[in-house]
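There are 2 protein chains.
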Amino acid sequence: MNIDSSVSHENAGAFTRAWGWLKALPEKLWGKVVDVAKKMKKLGEDDPRRIIHSLKVGLALTLVSLFYYIRPLYDGFGVNAIWAVLTVTLVFEFSVGATLGKGLNRMLATLSAGALGVGVHSLATLSGDQIGQAIVIGFFVFLTASTVTFVRFIPAMKARYDYGLMIFILTFCLLSISSYREDEVLEMAHQRLTTIIIGCSIAIVICICICPVWIGVNLHNLEATNMEKLGNFLEGFGGEYFNIPGGPSMDESFLQGYKSILTSKDTEEAMANLARWELWHYRFGFRHPWKQYLKIGSLSRQCAYKVDALNSYLSSKIQTPNEFQSKIQEPCTKICTESGKALKELASELKKMTQPTLVNRHITNSKIAAENLKSLLNTTCLCENDSLQEIIPTAAIALILMEIVPCIEKISEAFHELASLARFERVDGARVSP
Amino acid sequence: MNIDSSVSHENAGAFTRAWGWLKALPEKLWGKVVDVAKKMKKLGEDDPRRIIHSLKVGLALTLVSLFYYIRPLYDGFGVNAIWAVLTVTLVFEFSVGATLGKGLNRMLATLSAGALGVGVHSLATLSGDQIGQAIVIGFFVFLTASTVTFVRFIPAMKARYDYGLMIFILTFCLLSISSYREDEVLEMAHQRLTTIIIGCSIAIVICICICPVWIGVNLHNLEATNMEKLGNFLEGFGGEYFNIPGGPSMDESFLQGYKSILTSKDTEEAMANLARWELWHYRFGFRHPWKQYLKIGSLSRQCAYKVDALNSYLSSKIQTPNEFQSKIQEPCTKICTESGKALKELASELKKMTQPTLVNRHITNSKIAAENLKSLLNTTCLCENDSLQEIIPTAAIALILMEIVPCIEKISEAFHELASLARFERVDGARVSP
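Chains as they are written, first to last, in this note's numbering: chain G, 90 to 523; chain A, 90 to 523.
In case anyone wonders, no lab produced these hints; they're calculated from the structure.
Computed from a prediction, not measured in an experiment: that's the story for all the values here.
Treat the hints with care, as some may be off.
One copy or two, either will do: identical chains are not told apart, so a pair holds if it fits within one copy or between any two.
Unchecked claim - SDA-like mimics (lysine to any residue), calculated; alpha carbons at most 25 Å apart, straight line:
(1) 423 - 155
(2) 117 - 443
(3) 456 - 293
(4) 499 - 103
(5) 117 - 240
(6) 112 - 123
(7) 440 - 503
(8) 463 - 422
(9) 130 - 236
(10) 384 - 515
(11) 130 - 494
(12) 128 - 254
(13) 406 - 465
(14) 380 - 244
(15) 130 - 248
Assemble the whole structure, with the sequences as input and the hints as a guide.
Below is the structure:
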């Protein structure tokens, strides 16, 4: 009886658990759904252009499907109209640069591969019998596919023409292989090219005409934001480390903002590659010096490494400064604020696309402060009661700050180059000689 | 007469220049060709796997073109066999992980989009007339394309399923739009799925069977090489900075090797994402902890930032050490050599996939040296004739070295975690207790 009751108890327990799990299941699933929905909502709120892009893709595909619904168009292309649908899906990207790049790549590759395919077809038909034809085509497919695949490894080709080279292999193989069974290769190549041009055009026109996302503008703003982040850190650092009351308050986001710059190299290069496709738009000329942005980006990154070194000292802030610390406090904070201001000034001028005006003054000020700091370090005699352990971190910070000054000067020089290359507006009224 | 002769002289001059240019043209073109050929040769020599990959792609495409040559196969699929060619070109990537990822993505996406497309077709036929059908299909195309495009922005989806989502849109649109003109949608979906499975299988089998490139192995080796580069720098740095004769000689490549680590984050993440597709191969299990590699990579990067700070001091090497410098020289070089050895030991054990043995001893040694250095800095009284300008760089280096020690301890901990997660081999004979 005892055993029986325990078994029935256990069964009851298992049943209750299972029932509880089942009862909780809808709630759990609902929680999961709500979770995903919240994430999607946040994605949309962070960058509403994503929602617009999604709607644009939907619109482009609905438009291209008109090919099928309207009889005259269908009569012209028949089943081949499907290539237009395919092209829109594959070519439509978030930014204008990427869409243009893919579209032009696809059109050019189809054109050249089509020409080569037709050529190989003529050569193959010369060989007469079916087996000879198969061998000639097979040989050229192997040769072209291998060679072009290898060319895709060349870095300069990979950066700009990777997609085009892939489409080249694809179109060439499609055409020359099909030519074995069908004789109207020229007709086929022509139809394929036309539908692809139509697909690309629809994608490009919709991408440019409805709320376009210019990746060049994104890169431009990214560089400005990066300089601003570095400027914010530097401007706040002096007050934070030397514990000066009344300085600009630094919250965690200010202090950690620069971290994204440390690893932004690949992103910046990809953006610059795509930006080159955006031939012309309202503020950037045909040959906008995108390479110069990469130079500024790389100099900012070098500055960010030094800022990272500064950041590691923030864990041991000064509570009550000793004699040495209070001596060098003034030039140190001066370098921080002046170079921070210089960077923020550069950032705002980059955003406005104007020639730099006040920057030189800030840089001169920070250079003077660095000179002062250097002579202070040279002439200071340490009192024997100063603890080396306390002095060294502060002195190390002073050294890093002295290195940051030429770093920012280089950024400013690169910016001046950019401003003259891209012919930024001159604001003469506000001009201040250094 | 004078003018005439000068004109004819000028003409003669222009002609000579043009002739010279024309004569030099073949040479110039030849030079260009030789240049490109040299570059291609270097690409192949740097990584012969690239040549093998190119030949593999050629082979796969030649194989798939057999579909067209052999009549029974062609009779089965007809013009649709072209999808197999298309699939091979689009899916075949350099590494097994990328090929598997794209192949599985493509197959799954085609399957699910095919099912949905057939469903929408049935729904559209219910609406009876042509216009109603067009509206129903148009609505679903717009809805699906927009939603799935938005889903592609979710980072977790983008990392692993981006290609699949694109193919999902593509297949769904192709099927549901074609269904407007053709009634055999089920047949079409079935043929498309079969040809795509055949294309993917050919690509995957050739990719895996002929000299496969496992991206997991590449990531594994990359992390090992990164640690080795950092170890090389640290091991050489002490002797180089303190100008100790007889230390390991450092050439430029040793000193600059670590720079690639600073910006390797994106590459590593992309590799880890692809490595997860490589379900199983000879040394890495089904659930190999790829995330742990990213952790080691990120810790190595933090170490590399500190190494970069050290590197900036190498421009001002010590010529004749003052009293302070010769005092701290010993513990500093000790930290350098011991932590360098620890990193190189970790690298070699990662390469061999064995449990760490000697590492702990090196880390303990470097910790003891760091403690010595700390107490030295605490107790040292500075002589008044020491120049602060000379002392500070050396002291700053000492501080950085003291920070590097816990940094390397963290790398070692992450490595221990990896070794236990991935069940690295234990080499008991050589085991040394710390």
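**Asked** Among all the numbered hints in the text so far, which are the ones the structure does not match?
**Response** 1, 2, 3, 4 and 11
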